[in-house]
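The primary structure of each chain is shown beneath.
4 protein chains.
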Amino acid sequence: VSANYLNIAIDARKQRENKIKQILEKRKIPETGLENHEIEMLVNELASMDSNNFGSKYGVGEREGRIICDLVKKRNFNFGHGIGRSGDLAENQPKATGSSIMNKLTNELLLDLVQMVGIRSAKKCLLFPMATGMTMMLSLLTFKSQRPDANIVLWSRIDQKSCFKCILTANLHPIIIDSIKVGDELQTNVKEFENQINVLGPENIVCIISTTSCFAPRACDDVETLAKLSKTFNIPHIINNAYGLQSFYLTHQIEQCQKTGNVDLVIQSTDKNLLCPVGGCIVFGFNEKVINDVAKNYAGRASLSQTLDVFMTLLHLGREGYTKLVKERKNLFEYLKEKFNDVAAKHNERILQSQKNPISLAMTLESFDDSKLTMIGSMLFTRCVSGARVIAPNEKKTIDGYEFLNWGSHNSNNNIPYITAAASIGTTKSEIDGFIDKLDKVLLKIKNNES
Amino acid sequence: VSANYLNIAIDARKQRENKIKQILEKRKIPETGLENHEIEMLVNELASMDSNNFGSKYGVGEREGRIICDLVKKRNFNFGHGIGRSGDLAENQPKATGSSIMNKLTNELLLDLVQMVGIRSAKKCLLFPMATGMTMMLSLLTFKSQRPDANIVLWSRIDQKSCFKCILTANLHPIIIDSIKVGDELQTNVKEFENQINVLGPENIVCIISTTSCFAPRACDDVETLAKLSKTFNIPHIINNAYGLQSFYLTHQIEQCQKTGNVDLVIQSTDKNLLCPVGGCIVFGFNEKVINDVAKNYAGRASLSQTLDVFMTLLHLGREGYTKLVKERKNLFEYLKEKFNDVAAKHNERILQSQKNPISLAMTLESFDDSKLTMIGSMLFTRCVSGARVIAPNEKKTIDGYEFLNWGSHNSNNNIPYITAAASIGTTKSEIDGFIDKLDKVLLKIKNNES
Amino acid sequence: VSANYLNIAIDARKQRENKIKQILEKRKIPETGLENHEIEMLVNELASMDSNNFGSKYGVGEREGRIICDLVKKRNFNFGHGIGRSGDLAENQPKATGSSIMNKLTNELLLDLVQMVGIRSAKKCLLFPMATGMTMMLSLLTFKSQRPDANIVLWSRIDQKSCFKCILTANLHPIIIDSIKVGDELQTNVKEFENQINVLGPENIVCIISTTSCFAPRACDDVETLAKLSKTFNIPHIINNAYGLQSFYLTHQIEQCQKTGNVDLVIQSTDKNLLCPVGGCIVFGFNEKVINDVAKNYAGRASLSQTLDVFMTLLHLGREGYTKLVKERKNLFEYLKEKFNDVAAKHNERILQSQKNPISLAMTLESFDDSKLTMIGSMLFTRCVSGARVIAPNEKKTIDGYEFLNWGSHNSNNNIPYITAAASIGTTKSEIDGFIDKLDKVLLKIKNNES
Amino acid sequence: VSANYLNIAIDARKQRENKIKQILEKRKIPETGLENHEIEMLVNELASMDSNNFGSKYGVGEREGRIICDLVKKRNFNFGHGIGRSGDLAENQPKATGSSIMNKLTNELLLDLVQMVGIRSAKKCLLFPMATGMTMMLSLLTFKSQRPDANIVLWSRIDQKSCFKCILTANLHPIIIDSIKVGDELQTNVKEFENQINVLGPENIVCIISTTSCFAPRACDDVETLAKLSKTFNIPHIINNAYGLQSFYLTHQIEQCQKTGNVDLVIQSTDKNLLCPVGGCIVFGFNEKVINDVAKNYAGRASLSQTLDVFMTLLHLGREGYTKLVKERKNLFEYLKEKFNDVAAKHNERILQSQKNPISLAMTLESFDDSKLTMIGSMLFTRCVSGARVIAPNEKKTIDGYEFLNWGSHNSNNNIPYITAAASIGTTKSEIDGFIDKLDKVLLKIKNNES
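Respectively, the protein sequence lines represent chains H, W, R and Y. Counting in my numbering, the first sequence tops out at residue 684, every number present. Counting in my numbering, the second sequence tops out at residue 684, every number present. Counting in my numbering, the third sequence tops out at residue 684, every number present. Counting in my numbering, the fourth sequence tops out at residue 684, every number present.
If you're looking for bench data, these hints aren't it; they were derived computationally from the structure. Here the structure is a predicted model, which means the values were calculated and not measured. It is possible that some hints are incorrect.
From the structure, some residues in chain W lie toward chain R, with a derived Cβ separation under 8 angstroms [what the hints assert, rightly or not]:
| hint | residue |
| --- | --- |
| 1 | Ser-235 |
| 2 | Ala-236 |
| 3 | Ala-242 |
| 4 | His-270 |
| 5 | Asn-277 |
| 6 | Phe-287 |
| 7 | Asn-311 |
| 8 | Pro-327 |
| 9 | Thr-330 |
| 10 | Ser-333 |
Glycine included, each C-beta is placed from N, C-alpha and C at the ideal position.
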């Protein structure tokens with residue numbers, strides 16, 4: 234092959250290597266996303282640093298990263314050792330240098346992402362290969378171990394089951410602080426929080442849990458005030474920011490907390506914020522030690538699957554790609570609001586006012602008989618509408634002995650039936666159009682008694 | 234295309250569909266393993282039943298199984314929704330019929346595997362997408378919630394960190410029952426267990442934890458007697474069967490327990506028993522309710538990754554494939570013993586007698602100065618020997634305030650230096666040969682002071 | 234799994250199966266492109282109909298579609314038997330029903346594409362798994378076998394080597410008909426064609442070869458007039474439509490031919506028209522027999538690779554996708570013209586007028602010394618500009634004894650130096666911007682003697 | 234990550250890079266096969282040297298290696314440019330340095346393979362991305378162009394269609410030299426070859442074509458004597474060694490030719506010798522110029538698919554892997570002979586003696602009525618036996634005007650019905666067992682008139 238042509242190819246290779254070197258050195262998400270083959274080359278390179286992929290190796294242990302099914306090997310890019318060591322999720326594995334590097338790097342890239350979407354003062358970020366609920370539970374157990382006398386958790390009511398279950402699983406006692414209605418909107422009952430702290434005694438409280446992203450008309454919690462209480466009374470504070478990284482409004486609330494109050498951990502899911510499969514949880518905070526304490530409480534090695542999915546997704550998107558997703562989402566939220574308004578007007582309903590919820594919207598269903606509400610939900614579902622939720626008043630639900638009035642509405646006193654819909658990242662305009670169209674038809678059908 | 238040829242192709246297709254139908258209906262591992270493309274077709278078929286893969290769909294929720302990076306999509310076979318629902322790991326997901334079927338089926342196939350390797354009375358089996366340590370912790374939390382006054386765990390000492398950590402992470406108090414030496418072998422101190430139960434009171438004990446598979450010269454615990462104590466005193470009993478499914482000797486011990494005693498849960502890892510990547514845990518038991526209770530305590534949705542890896546591995550192996558692996562392992566254990574004996578004799582050392590350990594072997598290093606022991610370990614490691622462990626007496630280790638004398642040797646009184654090696658499934662003859670060769674050379678080098 | 238959820242999944246499956254059934258039945262490109270996993274499922278289904286993928290099979294021949302390397306198996310989707318039989322490229326293979334169906338279907342979809350882009354009267358289309366040059370040669374050999382006394386080919390000069398070589402490889406004698414200059418444009422010398430036919434005698438001529446798509450300032454040949462000559466004198470006529478499917482202007486010329494004249498075969502490449510890897514050739518015609526004769530002249534079985542690439546590409550694009558590509562290309566051609574004009578003006582050069590070339594453009598380089606022309610080309614190449622060609626006058630080239638004056642310019646009398654650039658499908662706006670930018674800088678550098 | 238662990242990973246990486254460097258430098262098949270991920274890393278590295286995979290590139294040509302469908306891109310490992318240039322299959326492509334290197338390297342590895350299996354004096358080897366028939370045709374056209382007056386091909390009859398068709402496709406005239414029967418075996422009629430040369434005149438003959446591997450009871454041609462005739466009379470000589478690389482007996486015959494006679498080209502298929510998909514052809518010779526002449530006669534660029542399949546297969550197998558395949562095949566041939574003998578004895582038939590055929594065997598079917606013979610064949614086929622051929626006497630076939638008596642038996646005078654079966658590389662013992670079992674049952678069924 235002629236030297237001239239070869240040189241051009243070698244130059245191109247150097248450029249690519251530089252791009253990758255920069256990611257490894259700067260530990261930042263690249264400006265522009267990488268091509269698929271570039272991502273694969275980097276991942277393969279890392280995998281080849283794990284001992285199970287060495288050319289010569291003599292494994293006489295019980296855990297040698299062996300993979301017997303080729304399809305499994307392939308889909309795991311030859312990674313077999315998982316991440317972490319028995320005592321610490323963030324520790325490196327001697328047998329798995331490549332996995333360890335990828336894991337560390339992914340956590341750095343996630344910190345970069347968190348800062349990039351507005352939480353500039355975040356100090357450390359860690360991916361947990363478990364559901365957010367389980368990660369919240371592990372955090373509660375960690376706080377509890379440091380506050381041996383405490384066993385109460387103050388919880389701003391949000392009707393999402395796993396968020397409540399995690400308190401029970403940790404064998405702690407929840408105090409449910411119901412939301413208060415301000416106009417249509419359901420807001421944090423800050424007074425009741427303060428009251429409970431005084432009544433129960435701060436030393437008896439393991440943690441305060443607040444939530445940002447949620448279904449309308451519930452608002453993002455008043456995390457700033459709760460953060461102040463946390464600081465004043467020296468009670469740990471976890472923010473459940475489930476899918477909040479995608480909204481600058483929500484990330485701004487979190488960033489504000491730090492200025493005057495205290496937040497120990499902010500917990501969110503990988504799938505909902507990064508559009509990858511369910512299974513991981515991003516935890517960040519403003520104090521390295523708190524994160525490290527939770528990581529050290531993870532007993533055993535963990536799957537690398539979530540790391541791999543997140544790592545590849547971040548490299549694929551680049552800063553540009555994620556920023557674009559976030560912007561599109563914001564525009565689609567406005568679009569959904571407009572269309573939702575139209576269909577509401579047509580059916581003599583209205584959109585509930587909930588300014589502090591930038592992702593979800595709710596439309597009343599007051600002109601429909603209570604007996605028809607479930608039917609609306611199931612008719613939409615069989616028409617391939619997913620994610621819309623119909624809330625009928627007076628549903629009662631008991632979870633492990635704790636009773637919730639008006640389950641689904643985040644508030645004991647709700648008496649308005651409604652349907653919610655959200656514009657999250659990854660939604661498309663045609664999905665919204667389809668939803669509005671199906672909703673309109675279903676409501677008409679119900680009214681005409683034809684269903 | 235001529236009808237004749239087409240018919241033959243259609244017949245072949247029917248055969249394949251029958252094979253798959255049988256797996257779905259009988260819920261048993263197929264006799265012979267499936268071809269890669271057959272596995273892929275089944276997995277793809279299941280994936281196409283999840284709503285994120287529907288042709289027309291209108292997602293207006295925050296969790297719609299969207300995957301943005303094609304590489305991630307591909308490696309997850311288009312599965313995005315994970316498994317379980319917020320309240321229960323074993324529950325089906327409305328949006329993810331295919332995932333739900335695969336999950337249920339994988340659990341049935343695992344039960345079939347457990348029964349096939351000798352634990353015929355197993356009633357229910359569940360794959361947890363977490364490390365064994367974390368799953369053990371979740372089990373302890375579950376038992377604790379049912380025994381509110383108890384907070385002690387009786388633990389037969391085994392020097393494997395995550396198994397101990399899980400007790401601490403659950404905020405429970407371990408009572409460490411040291412092993413006793415019988416000849417070379419370290420056996421369960423059954424008397425001390427009985428003694429502690431009497432002293433502490435059964436109602437104050439959350440659980441007994443015993444271990445089967447371990448490093449020589451520790452023996453498999455006397456699980457049968459511990460199971461009797463569990464039954465007599467009505468204390469839950471977890472067997473940590475880490476990599477024990479691969480040995481008929483160990484599975485036989487477990488099966489025996491049931492006849493006269495009680496075992497609540499048997500916990501083991503997917504990677505070590507099934508040769509797939511780290512990250513999952515197989516839990517089985519003899520009482521459906523116990524398993525269901527733990528599953529219902531998992532807060533949140535979980536990753537499908539472990540399910541997918543295990544499902545594909547089981548289909549790939551078939552009963553034949555797994556049986557072959559188990560037989561080969563048994564033969565290689567005898568081979569390792571023979572070769573290990575030879576190298577021991579050559580260096581005036583001996584193999585420690587440990588009849589109740591069918592996987593791991595230990596060779597003394599008594600002719601070596603204590604100061605050289607670490608060097609042996611690290612020289613082996615740089616020569617690509619992994620999994621061999623050099624145990625020097627008098628190592629002390631403190632885990633969260635608990636002190637262990639002679640850490641690594643499972644016994645406070647050990648005074649013999651030794652090295653362990655194991656013949657686990659997946660090991661090859663050439664790995665054993667390589668290990669013996671490197672070991673011989675390293676010992677010679679140390680003796681000749683050349684290192 | 235609940236019946237309700239299962240039904241929705243089954244409905245979705247039926248929808249997908251319907252979509253595929255329609256493709257198989259109607260043999261038309263789907264309106265909208267298929268998702269990757271849908272394409273894979275269809276391809277896998279077809280592969281499973283080939284005997285090498287049957288569950289039980291007893292091969293005792295020398296050609297059983299065995300594939301030993303898993304990576305090769307995977308990338309070929311388990312297809313191993315190729316297409317065609319020893320005597321006929323279009324024949325079905327008894328051992329490979331799936332391959333045969335895919336092959337037939339691909340040819341039907343290609344015919345649909347050809348009609349869709351404007352050649353409505355096309356009757357049959359066949360994919361040849363060889364370069365266009367080789368396929369043209371095979372066509373010439375076929376015509377020759379039917380005209381035993383003839384061995385001359387009349388060839389409208391186009392300076393693209395393989396198009397000329399194919400005549401020589403077939404052991405035939407080319408008569409080169411030079412283009413004539415009309416304004417800037419190089420057009421077909423129709424008179425000379427007629428003259429040569431009369432001089433040489435139609436019975437001595439194997440074929441007329443004309444070309445549509447080419448580098449400016451050569452125009453698309455006057456295929457309509459040549460088609461008339463072909464009909465009048467009963468001489469076969471091949472149109473080399475190399476990358477002409479992407480332009481409605483060119484396809485229109487071809488469609489017109491049929492009305493008053495004769496075209497036997499139209500030959501074009503798969504890579505340039507369909508954006509898939511190099512290697513295949515699309516042949517279509519207006520008379521089934523002619524195509525079949527060439528297919529029957531292919532000696533031996535052929536690779537399925539090209540079929541697979543084309544099949545998947547057509548399903549991926551759908552009619553919508555291809556139409557979009559064609560429209561974008563047209564717009565980018567206008568964009569290139571505008572930008573090219575600007576840079577020409579800046580450097581006191583001009584765009585050569587060539588109305589009958591809808592893809593390629595040429596800019597003069599008259600203000601540059603002849604000695605600098607090669608440098609311009611190589612400087613652009615090292616700056617990652619590819620596809621631009623600098624033509625210097627007075628280049629002489631000899632191919633197997635045939636001498637070409639002004640090689641590269643399609644005309645013996647050209648005395649203008651120029652550079653060409655094309656807007657083909659798949660080009661992006663940013664590529665054009667990059668080219669213009671680099672061109673401008675290179676020209677400046679040359680002028681400033683800095684290179 | 235600790236420096237110690239990192240160093241071990243870096244060492245492992247160096248080892249792997251050395252392995253690859255050696256392949257690139259020595260241009261020999263590696264002793265041991267590479268792991269899948271090692272093959273992929275090398276292939277990806279090469280692909281990244283092609284201009285279509287450069288980070289920045291400005292393509293303004295019509296052929297820029299663009300691939301629009303991700304599945305196609307993936308399966309082609311991002312290679313898009315094909316191999317060769319318009320004038321020469323072996324030439325490098327400026328835009329595709331990686332493809333060019335892979336192509337050159339594959340040809341070197343193939344030469345190494347050819348020498349390794351016994352043809353030590355082979356000088357040059359080239360992979361043609363076409364069927365063997367088409368490659369033979371291209372070779373004939375090349376010889377013809379150098380012997381303008383000749384147009385006869387002397388062909389030792391073998392009843393395999395594409396081998397005969399290639400002469401006709403090249404518009405040449407075949408002289409069919411029937412085989413002669415020696416015992417059961419059909420051997421080369423060397424006398425008639427000599428006679429025809431004298432009668433027709435050597436200068437009128439384009440080429441002699443002989444065949445090695447074939448169906449019993451035809452023997453490998455007496456290539457040594459034909460090679461002497463070729464040398465004496467200065468007539469080109471092509472050996473059709475279709476699937477002969479897998480037999481040392483056959484390669485030995487070819488190697489012997491060179492000592493006293495002349496062979497110009499030896500042509501064989503990739504799929505049958507290397508167990509990869511149909512589509513390629515290996516051409517080697519003892520004189521570089523002859524191979525180059527044919528390569529230069531290929532008009533146009535060609536697909537890289539065959540190169541990729543062959544390259545990966547050779548790296549996967551290594552010398553060890555191929556040698557093992559060849560040995561296993563030899564053993565299975567003996568096994569087939571034994572079992573075939575048994576079934577023949579049982580049905581009062583016998584194996585035809587054909588010592589010079591090391592791959593195929595034939596068993597008489599003399600006790601069956603002629604009317605039942607086709608039924609035997611089709612019953613076997615519907616029972617998934619493929620590759621076995623039933624030959625009934627007195628079949629007549631006409632190919633393009635040439636008449637063959639007893640088509641299928643390679644000889645005009647055959648009057649024995651028989652069935653052939655072969656033991657080729659890749660066959661398994663269980664396939665042979667299945668075949669023998671099905672054959673036995675079919676013959677019984679026919680005899681019992683039950684079919």
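Structure-based check of all given hints:
1. Because the beta carbon of Ser-235(W) sits about 7 angstroms from the nearest beta carbon in chain R, less than 8 angstroms, this interface hint is met.
2. Evaluation of the Ala-236(W) hint against chain R yields a violated restraint, the C-beta minimum of about 10 angstroms exceeding 8 angstroms.
3. Against a cut-off of 8 angstroms between C-beta atoms, the interface hint on Ala-242(W) holds, since the closest Cβ of chain R lies about 4 angstroms away.
4. Annotation: His-270(W) was flagged as interfacial toward chain R, and the flag holds, the nearest CB pair being 5 angstroms apart, inside 8 angstroms.
5. Annotation: interface hint on Asn-277(W) holds; nearest CB of chain R at approximately 6 angstroms, less than 8 angstroms.
6. Taking 8 angstroms as the C-beta contact cut-off toward chain R, the hint placing Phe-287(W) at the interface holds, the least distance being around 4 angstroms.
7. Using the Cβ-Cβ criterion of 8 angstroms, the hint placing Asn-311(W) at the interface with chain R is satisfied: the shortest such distance is roughly 5 angstroms.
8. Hint status for Pro-327(W): holds, given a least beta-carbon distance of 5 angstroms to chain R, under 8 angstroms.
9. At a threshold of 8 angstroms, the smallest CB-CB gap from Thr-330(W) to chain R is about 4 angstroms, leaving the interface hint in force.
10. Proximity of Ser-333(W) to chain R holds as hinted, the smallest CB-CB distance being about 5 angstroms (cut-off 8 angstroms).
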